[in-house]
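**Student:** These protein sequence lines are chains H and R, in that order.
Numbering-wise, this note's numbering puts 34 at position 34 of the first sequence, and it's gapless, one number per residue.
Counting the second sequence from 1 gives a position; this note's numbering is that position plus 1000.
Careful, some of the hints might be misleading.
What the hints assert, rightly or not - Footprint (simulated), chain H over chain R, 3 or more residues, beta carbon under 8 Å: (1) 1113-1126; (2) 1282-1294.
As the list claims (entries may be wrong) - Counterexamples of contact, computed for chain R against chain H with all Cβ distances above 10 Å: (3) Lys1038; (4) Val1039; (5) Ala1047; (6) Val1054; (7) Pro1057; (8) Asn1063; (9) Leu1083; (10) Gly1085; (11) Asn1142; (12) Gly1207; (13) Trp1211; (14) Gly1215; (15) Gly1248; (16) Leu1249; (17) Ala1269; (18) Gln1271.
Stated by the list, open to error - Restraint-style ranges between C-beta atoms, simulated for each label pair: (19) H:Gln55 x R:Ala1047: 51 to 57 Å; (20) H:Trp133 x R:Leu1287: 22 to 28 Å; (21) R:Ala1133 x H:Leu66: 36 to 42 Å; (22) H:Pro102 x R:Arg1204: 57 to 63 Å; (23) R:Asp1167 x H:Ile8: 48 to 54 Å; (24) H:Arg321 x R:Pro1161: 50 to 56 Å; (25) R:Asp1167 x H:Thr95: 32 to 38 Å; (26) H:Arg321 x R:Leu1083: 43 to 49 Å; (27) R:Phe1074 x H:Asp191: 43 to 49 Å; (28) H:Thr136 x R:Arg1204: 46 to 52 Å; (29) R:Leu1043 x H:Ile8: 44 to 50 Å; (30) R:Ile1055 x H:Pro102: 48 to 54 Å; (31) R:Ala1133 x H:Ile114: 41 to 47 Å.
No lab work stands behind these hints: they were computed from the structure.
Every residue, glycine too, gets a C-beta built ideally from N, C-alpha and C.
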Amino acid sequence: MYVISRRIGFYILTAIAAVTVDFFIPRVIPGNPVEAVLSHMQGQAFTKQTVHALQLQFGSNTTEGLWGQYTHFWNNLFHGNLGISTSNGMVPVTTVIRGALPWTLGLIGTATVISFILGTLLGVLVAWRRGTWLDTLLPATTFFQAAPYFFLAFLAIDLFAIKLGWFPPERAYGQLDFPAFDWSYISDVLDHAVLPALTIVVASAAGWIVGMRNVMVTTMDEDYVLIAQAKGLPKRRVIWYAARNAILPSISSFSLAIGFVVSGALLTEIVFSYPGLGYILLNAVQEADYALLQGIFLVITLAVLVANLAADFVYVFLDPRTRQEA
Amino acid sequence: MAVGSSTDLGATQGVDLTPPPPGQRAGRGRLRLPRSPKVLIGLAGLAVFIVLAVIGPWIAPYNPSRTFSTTASFPLPPSAAHLLGTTQQQQDVLSQLLAGGRSTVLVAFVAGLAATVLSVVIGVTAGYAAGLADDLLSMLANFFLVMPALPLLIVIFGFLPPSQGGDDVLIGAIIAITGWAFGARVLRAQTLSLRNRDYVESARIVGERGWRIIGFEILPNLIPILASSFLFTVLYGVGTYTALAFLGLVNPNHLSWGGMLFYAQVAGAEQSGYWWLFIPPGLAVALLGTSLALLNFGIDEFINPRLRAAGLSRRRARRAQVPGDARPPRRFVLGLTPVIRSTPLTAVNGAGNANFPERPGTLTDQAADGRPDNARGWRGRRRP
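Go ahead and model the full structure; you've got the sequences and the hints to work with.
**Tutor:** If you want it as structure tokens, here you go:
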């Protein structure tokens, strides 16, 4: 329990740091964000309140001290107020994010789980059959690892959606948004999710394969694996023994990986015009919708922290040595 | 991206420098990369890209921003005049590809260099200083590790005025801020394991100053890890810069491969089958990244010889006389201060500390994830 509480404490501190960074960025970087936002709103009518709200958000032209602004920021945060989105007709940022979040969670969450399981299994296989043709898989995965996710997305659309016409090339559903929650709607959504999910899986599984393979290779040289083989256990049992031990580093490097995967997946969404966080992120960038930008950053960061905490729980659950400490 | 090599690096904690492959002379302190096809291909690829970055803008057939036609309203496919076709704005794609490499490579290397310097300063200081300084610096590194980098960079670049969005060095430096933490963590772990070695202790007893011990005793032993983490950060810089440019966050008039992908997306290339807009720059980025990753694998195999043996099947390994468990005979690249007595190596190996993975590459230890709480084990081990 001591380990877990330490980790929770660390993640809380990190979350506080993330909020603080989010608060300071518009105040530290040169330039006037309020003017930038207003200049992007050409033709739209904006009221004095809008300008005032923006000034409060970015801390310009205000008599309030920095500490006052900071506590104000936190206060707004706890009331679920992330400011207003200037590029979406002045609706609250939280509303915009709430509309996009389920799509991202569904797509990226599912794809990440699939790629972790698939990549780990493949990594075990490649390590076990080392020296065979399976080793040629490694250079290929290197290529997929090094290629930007969105480039793979381009290729996937060009090949599977345009040339072969197997899957729809963009959007998350047909023309009608949420007509009725029936089978035709669900299958429509799934049909639209296949290509983006496939892209994310192909791009991110490579990392899990190589990681698992490398640890598995060293684990297979351990004495207990030799003993398991020597006493004639079926091959499947031996692999199982080795794999159980080799998977721990994969889980503990989850925090490194998840950031990459989420970042890449957000860009994948953009190529597919998938209406998740990545898509509204691009809009926020293009429309200089800074409040939305900050809000998306916070939501993504918090989500990644929660995912990390979950990985830590799994780690402590799987590795009894962590529980013995202290 | 690069999850694999990250795991390798994590696994190299407390691993000594490895012996030369059988049949090679032991050169003292020299970095010998295994001459595997991976390393050779990676080196060759990287060399091509660096040359391209230098001469690319000069060998480009046209000015990359020249507009060839004002009447055509869609990208033209490859032809004799334009070997890779034209963009939506009727610019020559081949020229853009050749000229755009410079910015991409430059940003990536600036990012790699700056991040490596940061990671050495912070990682080695943390590992050497121990105590409160170590706790604080490790905490800082862990913050940056778990914070998703791209969203943070997007916010930073989003607020950056467009006039400053086209400066390669500035972009590289900003990317480095989010890319140093991983290297720092690995370097700290390795410094921890070196700090109590006898030759470092004797340097301390002789009365060497701290900076000299770090610079002449510890740093030479960190070079392979340093190289690996440098390449890792360059790879990270390539991907991140491309992503930022793809999002249009870098000044769109600033030519780069990511910027070309941005315009491909604007032109709807993937929906309309304009493959010549996105395949050349995307492939260039992917190949540059692959070269870096292959080279990194080579260094990983240098640090962790078991991975080298892993390429062979067991029978071939036996024939090649790689020992079954490929456990390296311990050999230390010593620092420059003369050590008077011979080093009892077993004192290090046999300590059997639970926090020290005795055999290279076993990362099943809690210590292997480099979290700050492991430091306690080390501090407890310091000799009186």
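**Student:** Please go over all the hints and tell whether each is borne out by the structure.
**Tutor:** Verification of the hints:
Here's how the region 1113-1126 of chain R fares: 0 of its residues keep a CB closer than 8 Å to some CB of chain H, so the rule of at least three is not met and the hint is violated. Closer than 8 Å: that is the beta-carbon criterion, and the region 1282-1294 of chain R has 11 residues meeting it against chain H, so the requirement of 3 holds. For Lys1038 of chain R, the condition that its CB be more than 10 Å from all CB atoms of chain H is violated, with the nearest at approximately 8 Å. The Cβ of Val1039 of chain R lies farther than 10 Å from every Cβ of chain H, with a closest approach of about 13 Å, so its non-interface assignment holds.
For Ala1047 of chain R, the requirement that its beta carbon stay farther than 10 Å from each beta carbon of chain H is met, with the minimum near 17 Å. For Val1054 of chain R, the non-interface assignment is confirmed: its Cβ lies about 22 Å from the closest Cβ of chain H, beyond the 10 Å cut-off. The beta carbon of Pro1057 of chain R sits about 23 Å from the closest Cβ of chain H, which is more than 10 Å, so the claim that it is off the interface holds. Every beta carbon of chain H lies more than 10 Å from that of Asn1063 of chain R, the smallest distance being close to 26 Å; the non-interface claim holds.
Look at Leu1083 of chain R: its CB is around 20 Å from the nearest CB on chain H, clear of 10 Å, so calling it non-interface holds up. Every CB of chain H lies more than 10 Å from the CB of Gly1085 of chain R, the least distance being 15 Å, so the non-interface label holds. Non-interface status of Asn1142 of chain R relative to chain H is broken: a Cβ of that chain comes within 10 Å, the nearest being about 7 Å off. The Cβ of Gly1207 of chain R lies farther than 10 Å from every Cβ of chain H, with a closest approach of about 37 Å, so its non-interface assignment holds.
For Trp1211 of chain R, the non-interface assignment is confirmed: its Cβ lies about 30 Å from the closest Cβ of chain H, beyond the 10 Å cut-off. With 10 Å as the threshold on Cβ separation, the claim that Gly1215 of chain R sits away from chain H holds: the shortest Cβ distance comes to roughly 29 Å. Not every Cβ of chain H is farther than 10 Å from the Cβ of Gly1248 of chain R; the closest lies at roughly 6 Å, contradicting the non-interface assignment. Remark: the non-interface label on Leu1249 of chain R conflicts with the geometry, its nearest Cβ contact in chain H lying 6 Å away (cut-off 10 Å).
At roughly 7 Å, the least C-beta separation between Ala1269 of chain R and chain H is not larger than 10 Å, which violates its mark as non-interface. Against chain H, the non-interface label of Gln1271 of chain R is violated: not every CB pair exceeds 10 Å, the least being about 6 Å. At roughly 53 Å, the beta carbons of Gln55 of chain H and Ala1047 of chain R sit within the given window of 51 to 57 Å. A hinted range of 22 to 28 Å holds for the C-beta pair Trp133 of chain H and Leu1287 of chain R, which are about 23 Å apart.
Roughly 28 Å separates the CB atoms of Ala1133 of chain R and Leu66 of chain H, a value that falls outside the hinted 36 to 42 Å. At roughly 58 Å, the beta carbons of Pro102 of chain H and Arg1204 of chain R sit within the given window of 57 to 63 Å. Range check, Asp1167 of chain R to Ile8 of chain H: about 41 Å between beta-carbon atoms, so the 48 to 54 Å window is missed. As the Cβ distance of Arg321 of chain H to Pro1161 of chain R is approximately 51 Å, the hint placing it in 50 to 56 Å holds.
A hinted range of 32 to 38 Å holds for the C-beta pair Asp1167 of chain R and Thr95 of chain H, which are about 37 Å apart. Separation of Arg321 of chain H from Leu1083 of chain R is about 60 Å and departs from the stated range, judged on CB atoms against 43 to 49 Å. A beta carbon spacing of about 29 Å between Phe1074 of chain R and Asp191 of chain H contradicts the range 43 to 49 Å that was offered as a hint. Taking 46 to 52 Å as the suggested C-beta distance range, the pair Thr136 of chain H and Arg1204 of chain R conforms, at roughly 50 Å.
Under the hint 44 to 50 Å, the C-beta atoms of Leu1043 of chain R and Ile8 of chain H, about 45 Å apart, fit the expected range. As the Cβ distance of Ile1055 of chain R to Pro102 of chain H is approximately 50 Å, the hint placing it in 48 to 54 Å holds. Remark: the range hint 41 to 47 Å for Ala1133 of chain R to Ile114 of chain H is upheld by a beta-carbon distance near 43 Å.
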